[in-house]
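Q: So the chains spell out like this:
There are 2 protein chains.
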Amino acid sequence: MSWEGPFIAVDWGTTNRRAWRIAPDGTVEEACADTGGITAVRERGFADEAAALRARLGDLPMLLGGMIGSDRGWRNVPYAPCPADARALAEGIDWIDSRTGIVPGVCQPHPAAPEVMRGEEVQIVGGLACRALPPDALVCCPGTHAKWVRIEGGRIVRFATWMTGEVFALLSRHSILAPQLEGEAQPGAAFAAGVADSAGGDALGHLFGLRAGHVLGHPRKDAPSYASGLLIGAEVRAALARFGDTAPALVGRTDLGALYAAALAQVRGKPLPPGHIIDGEAAFREGLRAIIRELP
Amino acid sequence: MSWEGPFIAVDWGTTNRRAWRIAPDGTVEEACADTGGITAVRERGFADEAAALRARLGDLPMLLGGMIGSDRGWRNVPYAPCPADARALAEGIDWIDSRTGIVPGVCQPHPAAPEVMRGEEVQIVGGLACRALPPDALVCCPGTHAKWVRIEGGRIVRFATWMTGEVFALLSRHSILAPQLEGEAQPGAAFAAGVADSAGGDALGHLFGLRAGHVLGHPRKDAPSYASGLLIGAEVRAALARFGDTAPALVGRTDLGALYAAALAQVRGKPLPPGHIIDGEAAFREGLRAIIRELP
Numbered sequence: 001m002s003w004e005g006p007f008i009a010v011d012w013g014t015t016n017r018r019a020w021r022i023a024p025d026g027t028v029e030e031a032c033a034d035t036g037g038i039t040a041v042r043e044r045g046f047a048d049e050a051a052a053l054r055a056r057l058g059d060l061p062m063l064l065g066g067m068i069g070s071d072r073g074w075r076n077v078p079y080a081p082c083p084a085d086a087r088a089l090a091e092g093i094d095w096i097d098s099r100t101g102i103v104p105g106v107c108q109p110h111p112a113a114p115e116v117m118r119g120e121e122v123q124i125v126g127g128l129a130c131r132a133l134p135p136d137a138l139v140c141c142p143g144t145h146a147k148w149v150r151i152e153g154g155r156i157v158r159f160a161t162w163m164t165g166e167v168f169a170l171l172s173r174h175s176i177l178a179p180q181l182e183g184e185a186q187p188g189a190a191f192a193a194g195v196a197d198s199a200g201g202d203a204l205g206h207l208f209g210l211r212a213g214h215v216l217g218h219p220r221k222d223a224p225s226y227a228s229g230l231l232i233g234a235e236v237r238a239a240l241a242r243f244g245d246t247a248p249a250l251v252g253r254t255d256l257g258a259l260y261a262a263a264l265a266q267v268r269g270k271p272l273p274p275g276h277i278i279d280g281e282a283a284f285r286e287g288l289r290a291i292i293r294e295l296p
Numbered sequence: 001m002s003w004e005g006p007f008i009a010v011d012w013g014t015t016n017r018r019a020w021r022i023a024p025d026g027t028v029e030e031a032c033a034d035t036g037g038i039t040a041v042r043e044r045g046f047a048d049e050a051a052a053l054r055a056r057l058g059d060l061p062m063l064l065g066g067m068i069g070s071d072r073g074w075r076n077v078p079y080a081p082c083p084a085d086a087r088a089l090a091e092g093i094d095w096i097d098s099r100t101g102i103v104p105g106v107c108q109p110h111p112a113a114p115e116v117m118r119g120e121e122v123q124i125v126g127g128l129a130c131r132a133l134p135p136d137a138l139v140c141c142p143g144t145h146a147k148w149v150r151i152e153g154g155r156i157v158r159f160a161t162w163m164t165g166e167v168f169a170l171l172s173r174h175s176i177l178a179p180q181l182e183g184e185a186q187p188g189a190a191f192a193a194g195v196a197d198s199a200g201g202d203a204l205g206h207l208f209g210l211r212a213g214h215v216l217g218h219p220r221k222d223a224p225s226y227a228s229g230l231l232i233g234a235e236v237r238a239a240l241a242r243f244g245d246t247a248p249a250l251v252g253r254t255d256l257g258a259l260y261a262a263a264l265a266q267v268r269g270k271p272l273p274p275g276h277i278i279d280g281e282a283a284f285r286e287g288l289r290a291i292i293r294e295l296p
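Protein chains in written order, with our numbering: chain A, 1 to 296; chain B, 1 to 296.
Don't read these hints as lab results, they were simulated from the structure.
We treat Cβ as the ideally placed atom computed from N, Cα and C, and that holds for glycine.
Each hint can be trusted.
Once the Cα atoms are required to be at most 25 Å apart in a straight line, the calculated SDA-like pairs of lysine to any residue come out as:
#1 A:Lys-221 to B:Arg-158
#2 B:Lys-221 to B:Ala-192
#3 A:Lys-221 to B:Pro-81
Pair ranges (Cβ atoms, derived):
#4 B:Ala-51 to A:Asp-34: 52 to 62 Å
#5 A:Pro-111 to B:Pro-111: 43 to 53 Å
#6 B:Glu-184 to A:Ala-199: 28 to 38 Å
#7 B:Thr-15 to A:Glu-184: 29 to 39 Å
#8 A:Thr-35 to B:Ala-196: 36 to 46 Å
#9 A:Asp-59 to B:Ala-196: 54 to 64 Å
#10 A:Val-157 to B:Thr-254: 39 to 49 Å
#11 A:Pro-109 to B:Ala-196: 16 to 26 Å
With these hints in hand, go ahead and build the complete structure from the sequences.
A: Encoded structure:
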């Protein structure tokens with residue numbers, strides 16, 4: 001099987017899926033995105049789904065990353081342990097057939113600090129490959145389960161997860177605060193107030209004020225942004241304390257990246273350097289290309 | 001209407017309801033408890049429910065407290081503002097009829113720190129009336145929305161809410177950690193490990209390890225207790241920082257009181273003095289009796 005020509009890259013997550021036909025020079029020739037994440041696929045339906053992607057994007061080699069390699073995905077692909085780089089990910093590919101492979105996630109098998117990731121490792125090796133990331137760096141990948149990743153010598157050496165995005169979603173959907181949390185969070189005064197109130201490690205002690213203010217007739221303006229500032233502020237403070245107060249590169253969704261950049265600038269007292277927000281989709285595609293270059 | 005004889009006391013919450021026939025000397029003559037909280041009662045069904053309670057416990061005067069006085073209850077009873085005591089609660093009763101009254105909650109109308117409570121104020125005036133609480137004290141009422149309350153001169157002067165119980169319930173029911181969080185939290189080694197890891201204000205940064213440890217084949221023993229220790233530990237540390245490092249009296253469910261007592265002993269480095277866990281149901285009944293004594 002030749003990986004010299006175009007190939008299909010798939011970022012297959014829990015709830016969403018993105019796929020691209022990529023030319024040898026990295027150009028995106030065609031793209032599609034839908035809500036066909038792994039939880040939307042019936043048992044044993046993954047081969048059919050892959051065939052449908054090929055029918056749409058071309059009968060080409062296909063490399064997949066993300067939760068598709070988890071116990072709820074197509075195959076439960078064993079994690080590559082830290083330290084990990086593009087070569088380790090290439091060696092750990094689980095081959096469905098000679099032209100369809102699933103990239104492994106990365107684990108930190110330390111019993112006192114167990115960690116796992118699936119998807120962010122592809123973004124990170126992509127950022128390294130295209131030199132958006134230096135070989136020694138701190139990286140933050142915002143998301144449902146935000147990852148903070150220490151890179152040394154071009155390898156992922158350790159990382160930690162904050163469930164910030166999931167906790168925010170739980171509060172927005174299921175908590176007594178749900179009516180106050182309708183709408184999107186965005187940088188600004190309310191977000192900054194939340195980041196400020198996250199000092200002292202007491203983010204959860206400020207949330208109920210959103211309900212009480214509403215009940216007492218003086219609701220806080222832009223409550224979603226305030227709550228987001230509380231939770232992201234708490235994460236940023238804790239992560240900087242754990243990983244050292246350096247400016248992380250932000251890799252992922254650019255809307256989340258803007259919130260994290262605002263929180264980081266506020267907590268550190270200085271703006272992030274230029275180029276510190278890296279688009280996660282582009283990094284993911286570059287990551288699969290870097291892994292392909294390491295194939296034997 | 002005479003309140004000299006026996007009366008019916010009702011603690012009517014969001015999901016549960018408890019009612020007692022109480023003799024003039026405070027003895028409980030009959031009791032009932034069910035899941036008929038306010039969210040289980042159809043619109044305009046509260047009068048019928050009250051009649052059913054009288055059919056069961058006696059055709060007697062009835063005093064009610066808790067969420068029954070909220071915008072989702074029988075009447076939206078205006079809060080008594082801090083500072084508040086039994087007399088203020090008596091004056092704020094909303095009379096459905098001459099022998100059926102709903103006790104108000106208490107609010108802290110400060111725009112920068114708005115707070116509301118409904119139910120805990122009755123427990124606190126009860127604890128004060130029977131001298132389980134001294135007139136100057138810090139009180140913690142664990143629960144879905146835990147309250148920390150400063151009492152001065154026998155009055156509620158300020159308080160704050162932590163959504164610890166609700167966040168724990170959200171994680172247990174709806175999060176990726178739900179499979180790991182089945183079962184009851186209890187004091188012990190796992191709970192203590194969670195309290196220890198809550199130092200540094202980073203409780204949310206330790207939760208995902210429960211998932212990663214499970215995935216990597218070395219799950220943490222007694223994960224519900226560890227997670228509970230993380231969240232209660234974070235609350236206790238933050239509340240002591242805000243209200244001063246004094247031993248609070250714990251008023252409420254005795255199982256939650258035991259968890260909070262364990263966390264407080266660990267964080268403060270010394271056990272709570274004897275008598276610092278006060279049964280919330282008994283305190284609630286004493287509170288309604290104290291309010292009745294203040295009726296004109």
